[in-house]
Amino acid sequence: MAVVMSDNRPSRRVMNVPSSPALSLTLAGVFQNAVDMGADAPVRREDSCSDNSEPAGSRSAEDLGAEPDDEDEDKLLGNRKKRKNRHTSEQIREMEKVFKESPHPDEKQRQKLSENLGLHSKQIKFWFQNRRTQIKVSLERQEMEKLREENQALKEMINKSSCLKCCSSANSIAISMDSMFTSSDQKQQQLVTEIVRLKAEVEGLRTALEQYAPAGTSRSRSGENEDAIEGRRNLEKSKRIFGLEKARVMEIAMKAIEEVVKMADSGEPLWIRSFETGRELLNYDEYMKQFAGEHEQPEGEIEASRESGVVFVDLHRLVQSFMDVVQWKEMFPSIISKASTIEVVCNGDGSTRNGAIQLMFAELQMLTPVFPPREVYFIRTCKRLSLEKWVVADVSINNVGDSIDSSSSFCRKRPSGCIIEDTSNGHCKVIVLEHWECQKTKLRTMYQTMVNSGLIFGARHWMATMQTHCEWQVFYMATNVPMKDSTGITTLGGRKSVLRLAQRMTSSIYQAMGASSSHTWTKVQSKIGEIIRVASRKNLNDPREPLGLILCAVASVWLPISPKLLFEFLINGSRRIEWDGMLSGPVETLAVFAKGQNRGNAVTIQAIKSDEPNKWIIQDSLTNDYESSVIYAQIDITSMQSVMAGCDPSTITTLPMGFSILPDGHPPRASVISKSKEERVTEGGSLLTIATQTSQSAEYVNDFISHTLENIKASLQVEDD
Numbered sequence: 001m002a003v004v005m006s007d008n009r010p011s012r013r014v015m016n017v018p019s020s021p022a023l024s025l026t027l028a029g030v031f032q033n034a035v036d037m038g039a040d041a042p043v044r045r046e047d048s049c050s051d052n053s054e055p056a057g058s059r060s061a062e063d064l065g066a067e068p069d070d071e072d073e074d075k076l077l078g079n080r081k082k083r084k085n086r087h088t089s090e091q092i093r094e095m096e097k098v099f100k101e102s103p104h105p106d107e108k109q110r111q112k113l114s115e116n117l118g119l120h121s122k123q124i125k126f127w128f129q130n131r132r133t134q135i136k137v138s139l140e141r142q143e144m145e146k147l148r149e150e151n152q153a154l155k156e157m158i159n160k161s162s163c164l165k166c167c168s169s170a171n172s173i174a175i176s177m178d179s180m181f182t183s184s185d186q187k188q189q190q191l192v193t194e195i196v197r198l199k200a201e202v203e204g205l206r207t208a209l210e211q212y213a214p215a216g217t218s219r220s221r222s223g224e225n226e227d228a229i230e231g232r233r234n235l236e237k238s239k240r241i242f243g244l245e246k247a248r249v250m251e252i253a254m255k256a257i258e259e260v261v262k263m264a265d266s267g268e269p270l271w272i273r274s275f276e277t278g279r280e281l282l283n284y285d286e287y288m289k290q291f292a293g294e295h296e297q298p299e300g301e302i303e304a305s306r307e308s309g310v311v312f313v314d315l316h317r318l319v320q321s322f323m324d325v326v327q328w329k330e331m332f333p334s335i336i337s338k339a340s341t342i343e344v345v346c347n348g349d350g351s352t353r354n355g356a357i358q359l360m361f362a363e364l365q366m367l368t369p370v371f372p373p374r375e376v377y378f379i380r381t382c383k384r385l386s387l388e389k390w391v392v393a394d395v396s397i398n399n400v401g402d403s404i405d406s407s408s409s410f411c412r413k414r415p416s417g418c419i420i421e422d423t424s425n426g427h428c429k430v431i432v433l434e435h436w437e438c439q440k441t442k443l444r445t446m447y448q449t450m451v452n453s454g455l456i457f458g459a460r461h462w463m464a465t466m467q468t469h470c471e472w473q474v475f476y477m478a479t480n481v482p483m484k485d486s487t488g489i490t491t492l493g494g495r496k497s498v499l500r501l502a503q504r505m506t507s508s509i510y511q512a513m514g515a516s517s518s519h520t521w522t523k524v525q526s527k528i529g530e531i532i533r534v535a536s537r538k539n540l541n542d543p544r545e546p547l548g549l550i551l552c553a554v555a556s557v558w559l560p561i562s563p564k565l566l567f568e569f570l571i572n573g574s575r576r577i578e579w580d581g582m583l584s585g586p587v588e589t590l591a592v593f594a595k596g597q598n599r600g601n602a603v604t605i606q607a608i609k610s611d612e613p614n615k616w617i618i619q620d621s622l623t624n625d626y627e628s629s630v631i632y633a634q635i636d637i638t639s640m641q642s643v644m645a646g647c648d649p650s651t652i653t654t655l656p657m658g659f660s661i662l663p664d665g666h667p668p669r670a671s672v673i674s675k676s677k678e679e680r681v682t683e684g685g686s687l688l689t690i691a692t693q694t695s696q697s698a699e700y701v702n703d704f705i706s707h708t709l710e711n712i713k714a715s716l717q718v719e720d721d
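Anchor point for the sequence shown: position 390 equals 390 in UniProt numbering, and the numbering is continuous, going up by one each time.
It is worth saying that the hints were derived from the structure and are not from the lab. Think of the CB as a built atom: it goes at the ideal place given N, C-alpha and C, for glycine as much as any other residue. Hints may contain errors.
Stated by the list, open to error - Quick list of simulated restraints, FRET-style, between CB atoms: (1) S517 - Q448: 41 to 51 Å; (2) E115 - P543: 21 to 31 Å; (3) S518 - K108: 42 to 52 Å; (4) E588 - P543: 50 to 60 Å.
What the hints assert, rightly or not - As a list, the in silico BS3-like pairs of lysine-lysine whose alpha-carbon atoms are at most 27 Å apart: (5) K389 - K527; (6) K246 - K262; (7) K146 - K108; (8) K146 - K527; (9) K246 - K146; (10) K609 - K713; (11) K255 - K289; (12) K442 - K429; (13) K484 - K338; (14) K538 - K440; (15) K389 - K484; (16) K329 - K255; (17) K523 - K440; (18) K100 - K440; (19) K440 - K429; (20) K262 - K112; (21) K97 - K125.
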């Protein structure tokens, strides 16, 4: 039987934007610790790769730390006589400046440097390759030094004891460590091997220390001071994480990593591709065979999915985003409504976070108050599989603590996570794996198909959201993205301020739309028969919103309109008057700020021509392979102009409103309204959620939502059932 590996599927590249120094998000924070390259540094050569790309799965000579033949390189550059100093200090200074912003310059950047510095473009290329290698070697040596220091500290702790068995172990380890550091000029591959050995020895020392502690407690009941007794108590307490032995938590985490790696690398028969949707489906019988003894038979329904793609982000930055709960929540604003780190079990290896383990909580939502959120307590761990490849794995646990019982949750995460692999030029190949066990929930008919398909919290959703967020970061940092601004106000800093304001608006609506436990919803019948859910909150001192009572109203409807057509209708400025009940005249587009490759991913500033001459509209639109949204707010002209000029947007008061558009999960059918006959066989209907926030009355929000939905249906010629 032919085995289809997911790694061999074509990857989808998100970005095709010209690189610039400010686009790079790759090695921030590393440069100060890296070894500076002097004028005498040897240049290294990449024999097998072209100027603009590196083959996936292979590393060049410079990446492996191999040194090229200087004579061959001199011939290539037309310099047959080997020179001691290849570059002047001024040339090195200029290249260092560019390197800090863009470690992987493209051909245009290299050509520009070549012209400015009087160097051959090949010399520029070799210098950057050599510099990247030096940073890698520096990082490896720093990590090895940290492990050496930890080894020494643990040995000193054990040597203070009277346990002969532990002392013997420490002495034997010390001998091997002393011999390990005799050479100071080891190559990169040797460094990697030594780090692996050091980690194993650190674990051995930790085990020895843990074996000693209980023995020391039993021997020294009398004659000990209070500090020693308290120290033993803290040691025993530190061994348990919310009722679980720390060793057991680490065991669960390691097994989750093993399962995620195996499931990500496997093809058929474990994964079978659906002929209808093209998505990969888990063969659960084969899963239970391969992981026999690891899991019990599921009591609920299983949702399992896998998706791969290319993300425009540095590998270490992406790993850090998963391990930092604030960054993780920011990366998935439409999915995560709440998240927190409950306990850090292990910090891992310093700044790299390799081996880090933490207990986390998350509340996951669908952008509608109709679908209940998923609350999950889980262990998250990350591990470096190789120099260019990491895994981040999650798995649910039941016994979180005396005051928390997660076993009552209707969903559990079976081993899930992602494999992240550096593919050069600031890109990563990511394989996302989502595996849930959930109890059945009773839902409205229009949501049942989507829930049953596993799309809501499936791998495709996580992947699309991750790609969109990382693309936003690239465009936010870019200095060469063209702006369409007829006002002439916007500065480079102003563009960033506008994007931040729009991001804040969208996050606010996402928090308002979901069925989070933070909301207490009251159902109200709309004037067109739809159910509107209304919640309230009181703002006491947040300057970003009006002070006092704020009402939030949300309604969700199914429309026989393709998501693509519905999204393009809502972002079309010339048709805004057709659905926006707050306007009595057309709008004029003043400025457009791109935040992604798709033209629908943009922030737009519009002027109201008639009824509100003192206000402008700021609109944030987003679309990806899974979902779309259109968020907007009216802001007085003076405030909006100050943001466009670069002022801090955090003091701007707004109450945004907007729409979320999701596919309905049904197979394509001819009854769905779309742009062309061809699209009717490729698209299903839409789940549209509308949300508004206001300081006005409940009657006002009822009128607003009712009229807006009526206008949309009338403009798109949708007949009521």
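Hints, verified against the model:
1. S517 - Q448: 41 to 51 Å: 23 Å, violated
2. E115 - P543: 21 to 31 Å: 49 Å, violated
3. S518 - K108: 42 to 52 Å: 49 Å, holds
4. E588 - P543: 50 to 60 Å: 29 Å, violated
5. K389 - K527: 55 Å, violated
6. K246 - K262: OK: K246 and K262 at ~25 Å, within 27 Å.
7. K146 - K108: 40 Å, violated
8. K146 - K527: 67 Å, violated
9. K246 - K146: With Cα atoms ~23 Å apart, K246 and K146 stay inside 27 Å; holds.
10. K609 - K713: 25 Å, holds
11. K255 - K289: 16 Å, holds
12. K442 - K429: Violated - the C-alpha atoms of K429 and K442 are around 37 Å apart, more than 27 Å.
13. K484 - K338: 36 Å, violated
14. K538 - K440: Violated. K538 to K440 sits at ~35 Å, over the 27 Å cutoff.
15. K389 - K484: It is violated: about 40 Å lies between the C-alpha atoms, which goes past 27 Å.
16. K329 - K255: The hint holds at about 25 Å.
17. K523 - K440: Holds. K523 to K440 sits at ~24 Å (cutoff 27 Å).
18. K100 - K440: 52 Å, violated
19. K440 - K429: 34 Å, violated
20. K262 - K112: 45 Å, violated
21. K97 - K125: 15 Å, holds
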